Amino acid sequence: MTDQRRIAVVAAGLSNPSSTRMLADRLAAATVAHLAESGIEVTVDVFELRDHAHDITNNLLTGFAPPALETMINAVVSADAIIAVTPIFSTSYSGLFKSFIDVLDPDALTGKPVLIGANAGTARHSLAIDYAIRPLFTYLHAEPVSTGVFAASSDWGASADAVAPLGARIDRGARELAEAIARRESAASSDPFDPANYLGEGKSFGHLLGGLAGE
Amino acid sequence: MSDTTTWPGMQFGIFTVSDITEDPTTGTTPSEAERITATLTIAKHAEEVGLDVFALGEHHNPPFWSSSPPTTLAYIAAQTERLILSTATTLITTNDPVKIAEDYAMLQHVSGGRADLMLGRGNTGPVYPWFGKDIRQGLPLAIENYALLHKLWREDVVDWEGQFRTPLQGFTSTPRPLDGVPPFVWHGSIRTPEIAEQAAYYGDGFFANNIFWPAEHYQRLITLYRQRYAHYGHGTPEQAIVGLGGQVFMAANSQDAVRRFRPYFDNAPVYGHGPSMEDFMEMTPLTVGSPQQVIDRYAGMRDLFGDYQRQLFLVDHAGLPLKTVLEQLDILGGEVVPVLRKELQRNRPAEVPDAPTHAALVRAQFGDDRGRAFRPGANRGDNLVGERPYTEATPRAGAAFGAAATKGA
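These protein sequences, in sequence, are chains A and B. The working numbering puts the first residue of the first sequence at 1, with every later residue one more than the last. The working numbering puts the first residue of the second sequence at 1, with every later residue one more than the last.
It is worth saying that the hints were derived from the structure and are not from the lab.
Derived DEER-like restraints, expressed as beta-carbon distance ranges:
# : chain 1 : residue 1 : chain 2 : residue 2 : range
1 : B       : 279       : A       : 43        : 24 to 34 angstroms
2 : A       : 179       : B       : 279       : 35 to 45 angstroms
3 : A       : 43        : B       : 63        : 46 to 56 angstroms
4 : B       : 365       : A       : 210       : 23 to 33 angstroms
5 : A       : 141       : B       : 27        : 39 to 49 angstroms
6 : A       : 194       : B       : 63        : 38 to 48 angstroms
7 : A       : 194       : B       : 256       : 41 to 51 angstroms
A few chain A residues that don't get close to chain B, going by computed Cβ distances all over 10 angstroms:
#  : residue
8  : 33
9  : 94
10 : 98
11 : 130
12 : 136
13 : 164
14 : 169
15 : 183
These numbers were taken from a predicted model, which means no experiment stands behind them. Backbone N, C-alpha and C fix where the C-beta goes; we use that ideal spot for every residue, glycine too.
Just chain B, same shape as in the assembly (with noise of 0.2 angstroms):
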């Protein structure tokens, strides 16, 4: 078991997008249900192996069983004690930024802070009707309703009118955010500059999948996020704060991954019965392979991108038994992962900022280790008289942030 605590400088994880696929190999499709567990375990071993984040994606239509990250991730959260719960991707354009505010504040509390989450448009064209949108203002969608989200959290209060929601007047998100901090933000695109410029305007991490394009697009985007980040005046270029999807399969020996993986490859949603496999691993960072050429191939991520701060790798998808995501996990958080680690730390310039931590941001927001508390005015049902719905924030009592904090996440 890797030790995951010394460099704090970058986090590593999986990422998932809970289709629900047949595998190629024996024409077999699991339930729900034995998705949904298979799922938990592989959250649960993620931890096990030394690796720090998990992220699910949120989907609204068969084959994928996701609809509700939220729940998924607060059960995950009490079954760890380290890993920090994102998503991959929160549909800001769909959902209520209300409930966003309101449900990941709640899974910062159960979670002790290890809550953070990766916000993006969708690519499912009739959720936007199933719920009321229109597809074609996704973009000025994603934009006003994180203008709201960012305000729910840092303003107790909030008097509220845009374009897309029922105004709201005199609202407090609950609960707040814990230690007073909001939930790290991603933003995630594959191609859109606007979403760029979202995620360097407002100081936010800014994430490239990484996986269906080639790199160059993702340099473009990123290129263009470091810029504009030190265009608001967060810091230089190089602290910009970037996250990174990838795509991994592996064996002692590479010609056993090549065969084992070509099944799964040549039948997956999206990229099946497209360009070849070898073709896509010299296109997109899809690396299939021993560890040593994982390794490689990763190490060199940042020669495309800068020093970045999380690496998410796709290892659970189209169709692969759980039994093959366990092992490919064990490979990742044994062989690895570790070695990254050392790869990524070496050289790695001081003015780059360590991965995005809720105690990190508790540090950097009051500058000790001593959230705030709320508490509201002793039975009131409304928030509309005197200053503000809470009585003097305070330094919450104890050693500030819960378990994430002591355990050093």
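Next up, chain A with everything else stripped away, as it sits in the complex (with noise of 0.2 angstroms):
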């Protein structure tokens, strides 16, 4: 097995350029160079869910996900990490950030690392991270790093926090993301149709009959 990592960023600013893209491709490169400090090399995939609005809706309303839909969020699910962005609108997630998730299989984050990223206007919208964002990524069971990276439209310009800059923070976050990388073997293929992943390795369908067929 080799020790190439992949890391899925998703974006979910909608205007472009956008602010959110702008730090998620901050906490990627500042990931991806922590990673490299351990020796793991990492390439990165971003998707600006913008791009896939339409499908995401489409979705919503047909039950299946589009071909270029479908690529992304495979590649999305089978990353060894995320890093998860979207704006603050009405004291949380976007609703496009939020549609995405519910097209997901719901437990296709199960144990995933995450860093989560946003951003808004003033910085009184930060803890919209640990009261909306971080729960719905529990509920999940994913696994987010303790740290979240909220950036205001203030921390990129002059009146910045000048004690905990948003460089500082982005570092925080990477690099407890990093290591939630390096502490886990590559993600391994989940194929649904493998039977050894629905059945259990070497069983066979008595054993979902259970005690029916007394296994």
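From these two lone chains plus the hints, build me the complex, please.
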């Protein structure tokens, strides 16, 4: 097994260019740098949900992902870790971000390390990471690292937080994600259509029948 | 009228969900009575145009009417001679497997062996609590209930204890399956590998509804089912019994088909107000166009899924008026299916089994054309005394399986 890892970055910004994407790129670059220090090679796939917004809505309505969205979903759920960044709208993650989460299989992110990022106009929204976004990933049994990185508009300029500047917060979150990745084996393929995965290795249908078949 | 008796390899038919939907072009919604009567007409017309199968869904909430498929199918059986009556699907999760065993054995008898059924878990959440079940147990219910159903049709006296149903001691499901051969069972699923595994384990058929999702989803399930069918020793992967759904709307000229069907598509339950009809046609087997376009699309299904045994079309939904549905059946039976029979027969390997019929199952089980008759002990009120509740099963007198066999179904 090679030690090549892969991070999926999901950015839910709506404008282009977006400060959500800027934050996402900074988080990804910092994570790659930390992994490099540990000798771990990593590739990064960046997905902007804006590009998939129509497909996400169609998936909500029809129950299946159109091909482009399906490819993207597969890349996200099979990554070694996720960097998820959303703008804060009306005190929570954006509707597009939640809609994307809603079309994932509920088990798809189980055990997945996640670095949460969020951005908004002012720092008064910064707790949204901990009262809205973190519970969402906890519900999905993902493993969000303890630091979430919030960027207010001012963080990008003159009146930024001088004591804990954005760069330092990014670095801390990225380090935690890099450590979570390094602690784990490479994400194993989990083909849901492999009998070993839905029956258990070496087991037969009798296993599903339980006591009825004496297994 | 096409000749359907020359090639037993594949069965073609229609399946209906029994939705009562407003016709978006007129703003009128049929009554339950009108839709039920219309569906009976549609089923009878399916036979008239040379189709082989009519399959009916099961729902327990408006705007659907089909809560009791065995009743409806028994009526249709009495009004037809050749048509195979099936379901799409029978809820194996919330129905009592004992009642399913009784109802469909009964349907087998009154239809002269023209009954089979397709089992599914259902996709309407509240149905589970309405029938005292928990949707989170959907898969275990499907697995345990079918294990019991399978046993009830094969063992004259059943002792049973499971997780979900009250135990049975010395229970005999009556009537016994016609000729001692249970109705053929298809297991339907759109996403669950365990159901493909279940179908393979028992050597039953697997049906992919093939309507709402891209072909790749169903390819994975069917490939899995075929591999596991072989794994459990029922034959080669190519010998597994596969059924597919499909959805078509036709007119002589494809532009007319598109123009006429679009308002129904755009407002249809499930996918209406979602993707465009063009996108949906690209992503799923929905084909709206000329009969030739439908032939080309569905003749290609075996390239995706392997040679298969049953093709059902959805033509009766989304508010389409009866007259239009009957026209669709005329085109299907008159122009499309006869060509598909020829196309799909061509180069079909000899080892691929024919579509399942009662007659063929009797032959497979008993090695001859004579089914078995079950005669209870005279005036006996119990089935616990003695070896079994029936005197030794004897071949049915006369030529074995009634109208279905003699008419070559």
